[in-house]
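Engineer: Sequences are here, hints too, so could you generate the full structure?
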Amino acid sequence: MSPRLALRLTPTTSIEAKSSSEMTLVGGLEGAVWRPRVTLKQLTPGLLSALEAIPNGDKTVSELTTLLLTTDGFDSISKFRAVLRKLEEHAFLQYDLLLDEAVVLSLVPVSPSFRRADQAIDPVSKYVLSRFAYQRRDESGRLVVASPTSHAVVFVFDEKIALLLFRLGRPASVEEIAGGVDLESATSVLEALSNAGAIERVSEAGATRAEADPALGQWAFPDLLFHTSSRLGRHSNPFGATARNAARFPSLPMRKPEMSDQITPLPRPDMAKLLEGPSFSEVLENRRTVRSYGDTPITIEQLGEFLYRSARVKKTVPRATVSWRPSPGGGGLHELELYPIVMNCQGLGFGAYHYDPVDHALEKLPAAESDIHKAIEMARMAAMLDQPAQVLLVMAARFQRIQNKYDSVCYSVMMKDVGALYQTMYLVAEAMGLAACALGGGDSELFTKIAGTDYYAETSIGDFMLGSGPLPRPDPLTPPAKMRVPKT
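Residues in the sequence shown are numbered consecutively from 1, following the working numbering.
Using C-beta positions, here's what the derived DEER-type ranges look like: (1) Glu211 to Val317: 47 to 53 Å; (2) Arg35 to Gly349: 55 to 61 Å; (3) Thr12 to Lys374: 49 to 55 Å; (4) Gly452 to Pro476: 38 to 44 Å; (5) Gln135 to Leu275: 57 to 63 Å; (6) Val317 to Gln135: 40 to 46 Å; (7) Pro269 to Arg115: 55 to 61 Å; (8) Leu275 to Met415: 29 to 35 Å; (9) Met271 to Phe350: 28 to 34 Å; (10) Gly441 to Gln135: 24 to 30 Å; (11) Ala82 to Ala457: 51 to 57 Å; (12) Gly441 to Glu89: 39 to 45 Å; (13) Lys86 to Ala457: 42 to 48 Å; (14) Gly332 to Ile77: 53 to 59 Å.
Just so you know, the hints here were simulated from the structure itself, not pulled from any lab data. Using N, Cα and C, we set each Cβ at its ideal position, and we do this for glycine too.
Structural biologist: Right, dumping it as structure tokens:
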């Protein structure tokens with residue numbers, strides 16, 4: 001039996017009301033908060049019959065059109081097409097591929113921008129899985145094939161389809177991909193996968209669009225997936241402050257439990273005196289990354305002032321988990337913890353510490369000396385320094401602080417928080433005449449060894465090097481020698 005592409009309403013769409021000439025449908029994407037409502041008016045008996053048959057999910061567009069013709073004739077064809085377009089524009093429709101009357105896959109929209117197209121699958125050309133395509137089990141136990149380049153996903157319900165996906169791991173023709181499946185059915189599968197952005201045609205030059213396009217070709221898979229997953233427009237996942245996890249897991253306290261009994265109180269600056277310092281405009285205009293240090297290392301007084309001005313807890317709310325700090329934090333949750341790794345600081349011993357932002361104190365960690373040296377050396381190489389940082393400030397996230405409240409945006413929020421804290425630290429360092437350098441990457445696995453944390457509960461997502469400022473202070477508009485682009 002020939003393959004059939006049947007039309008049905010998505011699981012989140014239903015017929016809310018209907019009369020002899022009207023029908024109201026309500027739906028929305030799975031996980032979405034907004035549920036659009038569409039009322040179709042001036043429906044003929046044939047249109048009404050065709051629309052009533054869609055929820056059954058056993059008729060193709062052609063079969064629905066035939067049903068319409070038997071009642072209305074050709075007069076309602078154009079309106080039927082317009083109605084289907086409107087339903088598709090609201091992501092109300094999905095497409096089920098039936099082989100031998102069994103659903104083997106479903107093409108489901110994840111965005112109102114999805115428009116199914118009749119993809120011309122060339123029997124001679126070769127096709128391959130997109131380098132952006134991925135396969136996973138969703139929370140409902142379904143096997144999903146998706147791509148961040150698409151507005152739809154494919155749910156797979158038959159092992160024959162999974163085998164076709166395996167054969168698409170290298171460029172192959174329809175016949176090579178089909179194996180034990182007839183060519184017509186294999187072609188229908190490829191059409192659905194193409195509509196979901198999961199496969200691409202290989203050009204005569206041996207490249208796909210994802211490889212040859214000057215914009216898309218420069219995206220790495222994890223970057224594009226992160227971008228599309230943490231923004232609206234190309235997924236239907238729960239988004240924003242849903243608090244879904246709050247019903248399953250307790251929220252973490254605002255203050256992290258004490259990590260050590262070796263506590264060093266930090267000096268607090270005179271805030272009234274600091275108001276007499278340089279103006280904000282002066283600090284902002286002179287701010288720059290400084291990759292060299294003064295002859296005398298940073299002092300514990302300077303480190304204490306720096307942390308106090310950058311990261312202390314200024315205010316808390318009783319019985320709440322939020323706090324106010326110098327740098328903003330998503331939802332006021334402030335999931336970031338600071339871990340100074342000290343190489344050379346007057347008044348403070350070598351080692352790894354955790355900063356307590358409530359009591360403004362350092363807690364000494366029992367980290368291995370070799371791991372501390374490794375972290376310092378990795379930071380030095382990342383920043384292209386000739387000498388190691390005097391203090392490496394590692395920013396670690398207590399992930400569940402954010403995950404307990406938000407969906408989809410969690411890591412994106414944390415990255416924004418790191419960026420905000422970076423700028424706050426840069427400005428404080430400039431105001432104090434210190435040398436500051438934010439890093440673009442670090443070793444999160446090494447951090448868990450140093451801090452003794454669970455990788456999935458808390459690990460590093462930002463790194464910031466700090467030390468005494470060199471004299472004379474570098475010109476803010478002159479790049480370091482190692483970073484200057486040679487003239488050609």
